[in-house]
Amino acid sequence: MTLRVAIVGYGKMGRIRHEAMERHGGFEVVVACDTSQDPDANFAMVTDPLAVYDFNPDIIVCSVPNMMIPDVVCTALERGKHVFSEKPPGRSSDDVRRMIAAERAAQDRVLKFGFNHRVHDAIEEAKKLIDAGTMGELYFMRGVYGKAGGPDYAQSWRNDPAQSGGGILIDQGIHMLDLFQMFAGRFEDVQSYVQRNFWTDVPVEDNAFALMKNADGIVASVHSSATQWQHTFRLELYLRNGFVSVDGILSASGSYGTEVLTVALNRLDTTGNPIPNPESQELRFTEDKSWDKEVAEFYDAVVKEEPLRCGTSQQALDVMELVERIYSADPEWHRILQDQTPLPDQAI
Amino acid sequence: MQTPVFLDHLPDVNTVTGEKPARYRLARNKALLELMLDRDTTWTVRRNCPACGGDCAKSKNFSQTLLEFQRCSDCNTIYAQRVPSQQTLDRLRLDIISRKETGDTGNTREFEYISLMNWISLTEARLQRPLDKVVDIRFASHATAWPESTRRLSHNRSWDFLPLSLENAGFDNIGERLRNIAPRAVLMPTELDRVADPEALVRTIKHSVPAGTVIFIASSCADGLEYEILGADSPSFIPLDRLTVFSIKGFEALCAKVRLSVLEISTPGRLDAVILDRYFKTTENSNIPFWSGFFREADQNRLHDLQILLQRSLRSGVLRFVLET
Ligand SMILES: [Zn+2]
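Line order of the protein sequences matches chains A and B. For the first sequence, this note's numbering assigns the number 20 to the initial residue and increments by one for each residue that follows. For the second sequence, this note's numbering assigns the number 29 to the initial residue and increments by one for each residue that follows.
It is possible that part of the hints are untrue.
Simulated crosslink set (EDC-like; lysine to aspartate or glutamate; CA at most 20 Å straight-line) [what the hints assert, rightly or not]:
1. A:323 to A:113
2. A:147 to B:292
3. B:277 to B:83
4. A:146 to B:292
5. A:308 to A:319
6. A:232 to A:156
7. B:58 to B:160
8. A:147 to B:123
9. B:285 to B:227
Derived by calculation from the structure, the hints in this document are not laboratory data.
Based on the provided sequences and hints, a complete structural model is requested.
The structure is reproduced here in structure tokens:
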């Protein structure tokens, strides 16, 4: 069965999704909407997001800036379309609640968000290792995700809170938070420091540090940074019987390196205590299959009615609530946020 | 197919070049010489590479302890030109085991055992399939403390140990026992390079276990820098224990021939760097471009870096395969 696709927002992400759908083979892009027209497109291009419905699509791929996501998603669901949307899921947890209400009203329509880190090979391997139980109980997690902010940092819509809802944490750190919750469930208890260090005139954070604990007592610490300079992804999970870490993450730019999964089981001495520095196994992943896996899962959810595992609206809500908890847990940052002009739709 | 790297500290070179391993090497080479002088010994001459089937006429040959070896020009596997019968080989192995000259360096082997157990545990987790019934093929005969280690450290798994024994010479008995046990996994860390006909052994296992059985095999590896540089001069090259030293390409060819799918390949050997270091630091007048200078100047950190690089490049002197029937 071939699904007719309308892509709303045909920029970098829209094109990545398009290519993945072409590789899959079960999709046909019939129209794309963007402010700039692609002269090479072999499908219709429109500038009005509502015009895509004239082409009778089965699904809407939503690859627009954060502040436009809720409107595009809700309209699509109201018109009975299945929706695949980029992350972050809007600018706030209220945005996600609005989309969840539209999803419920649309009943059997699929809504999936692109939290693709869950399906990176190294992450999936780490999950398998932990789920097997061999590693024992999870004690704590550490995550670092950072980059150099980039030459257009101050001008980018991503760093305009009215459009994005926040800075590096909501844009990039959100993936790490989503992984934490995938491994350990919801984190309610949060302490944080949110800072502007380099881009002091830009109204969003360029660094966020958080220490959090879930109901089972599992502790996680995250550092999300736009002043990391050296592009870095590192997730470490420490368990009763050993540890698992993922260094690097395959990305479109390739600048976060290949994915290296390291796993070790402790060696015990005669008294049953772990001997330091156990033998570890290192597995290297060099091909980013995450886009293809996301598209395949979405297709199976729409066509075969299989339940979504990754990128559900509940996961989206959980992670946006955690982002907000981190922003508000730093009293100083909380005050700065309150002093800023409220988001346009919240001002009404 | 995955290619893991097994990171650990550098071992002490004395596990290969020390007094106990030297006594073992001497005893094994003496047994080989006696075998060669015994007119009653029957030998099977190999005309093709036991790994890829390549013609031995195209291979390069060398000898060690008067036994001729070939290095296959197609797949790089090293193999003895002629081999004694399996019964004879088993008898000689049992003889040296009974004299307690196994080269076993005592409790230092616990890390080796843990590495094997963790290899199975982590593979099981990644495959998402219980490997709760394992058959060990003959490793326990070499490593007497191994069964006790599995009892103490390998929980949630039952173990059967198929020993090397005179009554059970040959592979028929292995096949029969495997059919009776119907294991989920088979572990064979010490046989591939020591048996007369490795293909026959691999076929026996494949045809005696249920479909989907996971086979963990380890052996010496001809692609290892140790064998590439030193060849038969490596202290670990004991002819009776290295009748077939598979290359990665060679063992992959054998697996394809026997129709075993390869799930994982690695070369977790840890000794190449320290063996070569010892060789170049003690051998006067060695003049191998690059390597002589490299090892004369190398400290422990450089050796460790090199060993990891060799593993990452599938170029260390030990190979491990995870196969599925
Ligand atoms: Zn060959």
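Decide if the proposed pair is consistent with the structure: residue 147 (chain A) and residue 292 (chain B), CA atoms, cutoff 20 Å inclusive.
-> holds, 16 Å
Going straight from one Cα to the other, do residue 146 (chain A) and residue 292 (chain B) come out at no more than 20 Å?
-> Distance ~19 Å between residue 146 (chain A) and residue 292 (chain B) Cα, so the pair holds.
Residue 323 (chain A) paired with residue 113 (chain A) [C-alpha distance capped at 20 Å] | violated, 31 Å
Would you check the hint for residue 308 (chain A) and residue 319 (chain A), treating anything up to 20 Å between C-alpha atoms as holding?
-> holds, 16 Å
Given the proposed pairing of residue 277 (chain B) with residue 83 (chain B), does the C-alpha separation stay at or below 20 Å?
-> holds, 16 Å
Within a Cα-Cα threshold of 20 Å, do residue 285 (chain B) and residue 227 (chain B) meet the stated pairing?
-> Holds. Residue 285 (chain B) to residue 227 (chain B) sits at ~9 Å (cutoff 20 Å).
Is residue 232 (chain A) within 20 Å of residue 156 (chain A), Cα to Cα?
-> holds, 15 Å
Hint consistency between residue 147 (chain A) and residue 123 (chain B) [alpha-carbon to alpha-carbon, up to 20 Å] = violated, 45 Å
Has the given pair, residue 58 (chain B) with residue 160 (chain B), been kept, meaning a C-alpha gap of at most 20 Å?
-> violated, 41 Å
In summary, the numbered hints that this structure violates are 1, 7 and 8.
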